[in-house]
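With the hints as extra help, turn the sequences into a complete structure.
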Amino acid sequence: MRASTYWVLVGAAAMALYGTHVRWADFVWEDPRWIQAGMVLGGRRVLANLSWRLVFDPVPSHLLNVALHLGNVVLVVGLARRLGLRGWAYGVGALFLLHPLTTQAVAYASGRAELLAAGGVLLACVLAAGPWTPLTVVGMISASLFGVLSKESAVVALILVPLVAAEVHRQARYVWLAAGGLVGMVAGCVWYMDIGYAPGAILNWVSWVQMQSLASVRLLSMLVVPMHQTVDFDYDVVWHIGLPAAATIGLVAIYALISRSFAVGWMLVVILPRLIVQTPRSYLNEHQFYLAVVGFVLLVGTMLQQRAHTEAVYGTA
Amino acid sequence: MILGVLLAGYGVVSHTRIRVWETPLTLWQHAAEVAPCKPRVLLNYATALRDDDLIEEAAVVIETARRCAELAWVLEADRQDALTRITEFKGLNLFGQNP
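Residue numbers (the numbering used here), protein chains in the order written: chain E, 1 to 317; chain S, 1 to 99.
It should be emphasised that the hints constitute simulated quantities derived from the structure, not laboratory data.
No experiment lies behind these values; they were computed from the predicted model shown.
Ideal Cβ positions, reconstructed from N, Cα and C, are used throughout, including at glycine.
Among the hints, erroneous ones may be present.
Now the stretches of chain S that chain E is said to cover, found in silico as 3 or more residues with beta-carbon under 8 Å [as the list claims (entries may be wrong)]:
1) 1 to 12
2) 21 to 31
3) 34 to 40
Selected chain E positions facing chain S (Cβ under 8 Å, derived; list incomplete) [to be verified]:
4) H228
5) D234
6) D236
Take a look, some chain E residues computed to stay more than 12 Å from chain S by CB distance [as the list claims (entries may be wrong)]:
7) A3
8) Q104
9) R173
10) V224
Below, the structure is given as structure tokens:
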């Protein structure tokens with residue numbers, strides 16, 4: 001398939017999925033709150049807030065989200081190609097476009113901040129996967145800043161950008177850079193821990209990690225089988241499996257380190273700040289998981305490419 | 001083949017999921033189906049019903065929310081928030097339950 005045909009199909013698929021939503025959907029959930037926040041300059045999400053001053057009606061807001069998602073699909077294809085997925089990169093992009101766990105970020109108008117932040121991180125990663133020149137380094141820093149100023153969650157760029165460079169260029173200095181990024185991100189998150197909007201509801205850190213691990217395990221499994229999606233899952237009912245969930249996340253992290261799985265590492269890095277920063281009574285949600293979906297589609301692309309390679313070398317059974 | 005199956009399956013699920021996000025009522029109605037005894041979800045559902053002038057249905061949901069808020073596993077902060085909001089609902093005398 002020619003690249004131009006692919007992109008026409010991607011655009012058509014996006015409009016088929018979101019066309020009705022763009023035309024008819026209203027603002028829901030916390031949309032009015034974020035629009036109001038956008039009318040006051042300042043705050044941490046400067047760029048996202050600024051964007052609400054420019055685009056504040058339902059139809060343009062939903063259209064903008066679809067456009068941002070398509071832009072992120074382009075960046076995912078670019079990243080997959082630079083990571084060596086070649087022809088499978090287009091399949092990876094299509095998976096990202098259609099994956100159910102991306103729908104909340106796109107269909108929910110306030111998901112705009114998440115989409116902008118993800119765009120900044122992805123652009124920085126695409127640049128990191130290419131040759132490092134003074135110009136591209138400036139580009140990486142600018143893209144990361146763009147992400148962070150859209151939403152704080154883009155702080156994961158501190159680890160993901162050098163991790164991508166380490167995966168592509170295979171040089172130890174990038175691994176050290178990623179380790180430094182990890183220290184910087186954790187320090188930043190600890191400094192930032194006062195984020196809560198309901199101080200009386202703040203859990204102790206151990207309880208928080210358990211509940212957030214529970215949400216993470218649920219969303220990680222939904223990457224494969226996306227069932228029972230909802231805007232507000234009742235994690236309190238199943239609080240007693242929080243400890244096994246935290247252990248599961250720990251085991252997955254050990255697996256990622258031993259197997260040096262880039263894609264699994266990507267997903268864990270996206271989750272990590274959420275284990276540190278408390279957002280009381282609001283556990284990890286689907287729109288906050290948007291960037292983690294990139295790790296999953298890259299994992300699927302890698303597995304499919306390896307399978308095709310094995311079949312080409314040894315033949316099918 | 002595998003990729004095709006994944007794309008088709010995910011596309012269908014996504015299509016269904018996106019429709020839920022059309023209005024506050026569709027969003028919270030679906031959320032209440034997935035989490036039928038979460039006070040915050042039920043209160044948001046009741047608000048959406050009230051905003052669409054479905055007052056009787058909202059009153060039923062509010063009563064369910066009140067019962068669910070008393071369950072043991074509900075966080076104390078959630079319980080207090082739910083009870084406060086229920087009181088606000090009744091204070092507005094929307095359901096005809098106050099003198």
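Evaluated hints:
no. : hint     : verdict
1   : 1 to 12  : holds (count 6)
2   : 21 to 31 : holds (count 8)
3   : 34 to 40 : holds (count 5)
4   : H228     : 5 Å, holds
5   : D234     : 4 Å, holds
6   : D236     : 5 Å, holds
7   : A3       : 17 Å, holds
8   : Q104     : 8 Å, violated
9   : R173     : 36 Å, holds
10  : V224     : 10 Å, violated
When held up to the earlier numbered hints, the structure conflicts with 8, 10 and fits the remainder.
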